[in-house]
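Q: Each protein sequence line maps, in turn, to chains R and B. Under this note's numbering, the first residue of the first sequence is numbered 1, with each subsequent residue one higher. Under this note's numbering, the first residue of the second sequence is numbered 1, with each subsequent residue one higher.
I should point out that these hints are in silico values taken from the structure, not numbers from a laboratory. All values derive from a computational prediction rather than experimental measurement. One thing to keep in mind: the hints can contain errors.
The list that follows gives simulated cross-link-like pairs (lysine to any residue, SDA-like), each with its CA atoms no further than 20 Å apart [claimed, not checked]:
id : chain 1 : residue 1 : chain 2 : residue 2
1  : R       : 209       : B       : 47
2  : B       : 92        : R       : 584
3  : B       : 93        : R       : 586
4  : B       : 92        : R       : 470
5  : R       : 441       : R       : 564
6  : R       : 209       : B       : 50
7  : R       : 299       : R       : 552
8  : B       : 93        : R       : 220
9  : B       : 92        : R       : 588
10 : B       : 92        : R       : 502
11 : B       : 46        : R       : 212
12 : R       : 589       : B       : 100
13 : B       : 92        : R       : 582
14 : B       : 93        : R       : 584
15 : B       : 93        : R       : 330
Here are some chain R residues pointing at chain B (derived, C-beta under 8 Å) [said to hold, decoys possible]:
id : residue
16 : 194
17 : 218
18 : 219
19 : 220
20 : 242
21 : 263
22 : 332
23 : 352
24 : 379
C-beta: ideal position from N, C-alpha, C; glycine also.
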Amino acid sequence: MTANGWFQVFFFFALVLLCAKPLGAYMARVFERERTWADGIFRPIERFVYRITGIDETREMAWTEYAVVMLLFSVVTMLATYAIERLQHILPLNPQHLAAVAPDLALNTAASFTTNTNWQSYVPETTMSYLTQMLTLAFHNFFSAAVGMALVVALIRGISRRESKTLGNFWVDTTRACLWVLLPACVVYALLLVSQGTVQNFRPYDQAKLVQSQTVTTTGTDGKTATQTVTTQNIAQGPTASQEAIKMLGTNGGGFFNGNSAHPFENPTPLTNLMQMFSIFVIPAALTVTLGRMTRAPKHGWAVFAAMAALFFVGVFVAYYAEAQPNPLLHSVDQHVAATQAGGNMEGKEVRFGIANSALFATVTTDASCGAVNSMHDSFMPLGGLVPMVNIMLGEVIFGGVGAGLYGMLIFVVLAVFIAGLMVGRTPEYLGKKIESYDVKMAMLYVLIFPLSILGFSAVALMMPQLGLASLANSGPHGLSEILYAYTSATGNNGSAFGGLSANTHWYNLSLAAAMLIGRFLMIVPMLAIAGNLARKKLVPPSPGTFPVHTPLFTVLLVGVILIVGALTFFPALSLGPILEHLLMQAGKSF
Amino acid sequence: MRRNLITAVLYTVVTTVIFGLIYPLVVTGLAQLLFHDKANGQLIYKDGQLVGSRIIGQPFSAPQYFHSRPSAAGNGYDAANSGGSNYAPTNKKLIDRVAGDVAALQVDHPGQDVPIDLVTASGSGLDPDITPAAAEFQVARVARERHLSEDAVRRLISEHTNGRQLGFLGEPRVNVLLLNMDLDQASAAH
Chain R
1 MTANGWFQVF
11 FFFALVLLCA
21 KPLGAYMARV
31 FERERTWADG
41 IFRPIERFVY
51 RITGIDETRE
61 MAWTEYAVVM
71 LLFSVVTMLA
81 TYAIERLQHI
91 LPLNPQHLAA
101 VAPDLALNTA
111 ASFTTNTNWQ
121 SYVPETTMSY
131 LTQMLTLAFH
141 NFFSAAVGMA
151 LVVALIRGIS
161 RRESKTLGNF
171 WVDTTRACLW
181 VLLPACVVYA
191 LLLVSQGTVQ
201 NFRPYDQAKL
211 VQSQTVTTTG
221 TDGKTATQTV
231 TTQNIAQGPT
241 ASQEAIKMLG
251 TNGGGFFNGN
261 SAHPFENPTP
271 LTNLMQMFSI
281 FVIPAALTVT
291 LGRMTRAPKH
301 GWAVFAAMAA
311 LFFVGVFVAY
321 YAEAQPNPLL
331 HSVDQHVAAT
341 QAGGNMEGKE
351 VRFGIANSAL
361 FATVTTDASC
371 GAVNSMHDSF
381 MPLGGLVPMV
391 NIMLGEVIFG
401 GVGAGLYGML
411 IFVVLAVFIA
421 GLMVGRTPEY
431 LGKKIESYDV
441 KMAMLYVLIF
451 PLSILGFSAV
461 ALMMPQLGLA
471 SLANSGPHGL
481 SEILYAYTSA
491 TGNNGSAFGG
501 LSANTHWYNL
511 SLAAAMLIGR
521 FLMIVPMLAI
531 AGNLARKKLV
541 PPSPGTFPVH
551 TPLFTVLLVG
561 VILIVGALTF
571 FPALSLGPIL
581 EHLLMQAGKS
591 F
Chain B
1 MRRNLITAVL
11 YTVVTTVIFG
21 LIYPLVVTGL
31 AQLLFHDKAN
41 GQLIYKDGQL
51 VGSRIIGQPF
61 SAPQYFHSRP
71 SAAGNGYDAA
81 NSGGSNYAPT
91 NKKLIDRVAG
101 DVAALQVDHP
111 GQDVPIDLVT
121 ASGSGLDPDI
131 TPAAAEFQVA
141 RVARERHLSE
151 DAVRRLISEH
161 TNGRQLGFLG
171 EPRVNVLLLN
181 MDLDQASAAH
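Chain R with its partners taken away, still in its complex shape (with noise of 0.2 Å):
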């Protein structure tokens, strides 16, 4: 680990702080409806989409209303993409003349991007056309997002409000987060990514001729080498740079090309990842801002935030130290950090980023729901690797994806207060609200159904060796966190991988795409549940017994719960995974 290396972190974090505040602020006064700057320009296009659809902006929803709309939107997206990737062959925009996407993985994809979970089971350059990647999986990173916010909107709003039947309007509230807040970013993003040389173009793929001509062996199915000498290199090209902004603000994390963030196309300089890890956290921080404007507790807001950044700083410690140390089965090599290298463990990891920046990308995209990478997390040291995977099991709850990670966040905060409650012997309250058994029912279904499928499906693909195991890249514990790091990541919505693991197979297409479903939807509706509930609810005054949410000891607590749930539940199976690796790997053993 180097000094430099520590201030990028700190400023990176600095610069996430200094913006959240005005952003928070901002979110706040569009959702509320309250004039902004930007009311000239998005205003008609806004009254243009409510008068063709026929959306009374007026009208308020009942949480159940809210949620069976919100599911019916992302049903009709959902199918309108998969048709897409299925006809892609006679659409225009595919110069590449690519296929038409396999049913399965067509599937695979559709859920996985209407989830903002974006797990790639396919080589994007390969396999998708210019326009399926512009109008169905660039569109659905807007909107996963969007309804990610406007999702975190109405629970706040079922906190704030008192004996209300609704929770506002699922349309408006998803158009102004697109129109107000991603879509302005996502151009001038644009292009300040382009100005640093990430491409964006429609041409077919460039043909250059290779400086030296290599001869290649390779070795074919049936086993027999063969050699060739390859004269050329085909460089994929794309309109990149508009999918990459709202990949990253949106934090979906799918990349247009296989390399994703590593990649000189999406991200090719280290002023574009410091720009790309800034724009992953920035909306979800804010929220914490709008949550504070909006209950009108600005402390708690903070509060929360501490939680988020107290989890963020251990887990890029951990992964930063982790990286920084040479593998000690690898011999003849200098690992060595100077002022001419950066050392530590390179495999997977790219020169212009060091280990610094690949393990802050790495704690950053999975402390989030983005799951973009800058390096390889398949060849992260084991303990590397455990961060981003106990990031996701934590619930995405470290700042989290855009409006998930906050929903995600306020189940812990309502289980904190319950605990609190139960120490005290008094009925909880949350700013106001009585927590009371139904809410705490709801909370805890949220809090199991994530463990319940990302521990059911991976023990399955354990006991089965041609379907699970075929698949495996690595052997030994990793092949464990292989299949452990895919179910976490498809639960979490997360989309980051093990990369290794071939997963576009009809086993994995299928039960990824469950997964990813159960870890979107299944959790949404308790947690809508909530929010309808406590809107409804009365306000009590506070009394000396309440235990206020906006102190360190709060902050103290929250992170105590969030640490004793994800422990309890998922320790035994890291042990077994990255854990052991790590011992054994000190003990000189390998795979």
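Using the hints provided, position chain B relative to the given structure of chain R.
A: Chain B in isolation, oriented as in the chain R frame:
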């Protein structure tokens, strides 16, 4: 329910046009206008022939060239099939591959430890850069093969070395393709 379904379908169509078509087309128009070279991948032409992109790495194995890092993209540096090896640190294939590459490099540089980036594959498989340490490691070989002085080779390296961006971001690095193309030019002029 039926009305909500109709709304959902109409909403999907309208917003797809705005966010799936108009948005990327506007960004493409602006990008092509303002940053034409960057938006098209910083392509390099030599005598009218496309020879690569300034930010996409290429494989080099001949002794007179600076070698790039190993690549897991297709058959190596396949820019239409990017990706990493995804080998775990405990994977025998990784350990064997590194040992093989180290042995090959140490033929020219006996007894020297090889800088780690030179024997590890990048995440994209298209890393255009090596570390200054990895460039320095290869100076003696390239100078000998090209009958250039080591100082002349080092001067070329420094021309293609990028420091940390804005003085503190990322890591120092050497662009291998541009360096090797300049070496060819220097040798031709020699």
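Q: Evaluate each hint against the coordinates.
A: Here's how the hints hold up against the structure:
no. : hint           : in the structure
1   : R:209 to B:47  : 12 Å, holds
2   : B:92 to R:584  : 13 Å, holds
3   : B:93 to R:586  : 18 Å, holds
4   : B:92 to R:470  : 18 Å, holds
5   : R:441 to R:564 : 18 Å, holds
6   : R:209 to B:50  : 6 Å, holds
7   : R:299 to R:552 : 10 Å, holds
8   : B:93 to R:220  : 18 Å, holds
9   : B:92 to R:588  : 11 Å, holds
10  : B:92 to R:502  : 19 Å, holds
11  : B:46 to R:212  : 14 Å, holds
12  : R:589 to B:100 : 19 Å, holds
13  : B:92 to R:582  : 15 Å, holds
14  : B:93 to R:584  : 17 Å, holds
15  : B:93 to R:330  : 12 Å, holds
16  : 194            : 4 Å, holds
17  : 218            : 6 Å, holds
18  : 219            : 11 Å, violated
19  : 220            : 13 Å, violated
20  : 242            : 4 Å, holds
21  : 263            : 4 Å, holds
22  : 332            : 5 Å, holds
23  : 352            : 5 Å, holds
24  : 379            : 6 Å, holds
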